[in-house]
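So the sequences go chain by chain: A and B. Everything in the first sequence is counted per the numbering used here, starting at 10 for the first residue and increasing by one. Everything in the second sequence is counted per the numbering used here, starting at 2 for the first residue and increasing by one.
There may be inaccurate statements among the hints.
Covered stretches of chain B, going by a simulated chain A footprint (3 or more residues, C-beta under 8 Å) [what the hints assert, rightly or not]:
1) 39 to 53
2) 102 to 108
Here are some chain B residues pointing at chain A (derived, C-beta under 8 Å) [claimed, not checked]:
3) His30
4) Ser34
5) Gly59
6) Leu91
Note that these hints are calculated values from the structure, not bench results. From the three backbone atoms N, C-alpha and C, an ideal C-beta is built for every residue, glycine too.
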Amino acid sequence: QKEVEQDPGPLSVPEGAIVSLNCTYSNSAFQYFMWYRQYSRKGPELLMYTYSSGNKEDGRFTAQVDKSSKYISLFIRDSQPSDSATYLCASNFGNEKLTFGTGTRLTIIP
Amino acid sequence: DAGVTQSPTHLIKTRGQQVTLRCSPKSGHDTVSWYQQALGQGPQFIFQYYEEEERQRGNFPDRFSGHQFPNYSSELNVNALLLGDSALYLCASSRGGSIEAFFGQGTRLTVV
């Protein structure tokens, strides 16, 4: 079993829709939960991170962690074609190695 | 402010050869980590360097080795290349103790 599981998609939604991306993890010792966005032929870009359980909002993006169910979510409101990318969830214990999910490929249809 | 830079961008090697990839961290960052990303997969942690020492290592064979220089730049060396080593190699830098890791654009290695 992988420590971080993520549905690879692909996921296609119309412009303006709310997007929900999800991951599960198995290591209960994970403390930090990140979301990265990766455009084709580029390196991952950190969108946001959350410590322990709870929500964090940054503009159109909201990250949510439920440690009781080991569930990580990213919501994108008012989705734009420029949001089309692969979204990677990742977890770690602190300033150590990141354990990534497979990534979900998202396409926003104009 | 230059971000994380990696070189070369692409390269093609023959099975059995050796390769060296390079990484310059973001200004002010002292920790460098290397990841391997196979096509359609998430990045897999190879190792992390801090103060010129390998601090943590992932589940990769000894053919994968690295180095960090006093200016915090880093190299990843892979010996006896296998076809399965074909992947995007990513370097990430961070400031010691920080959660935020910033990635370079990667080096696309193809082994033929």
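Exercise. For this structure, which hints from the list above don't hold up?
Worked result: Number 3 only.
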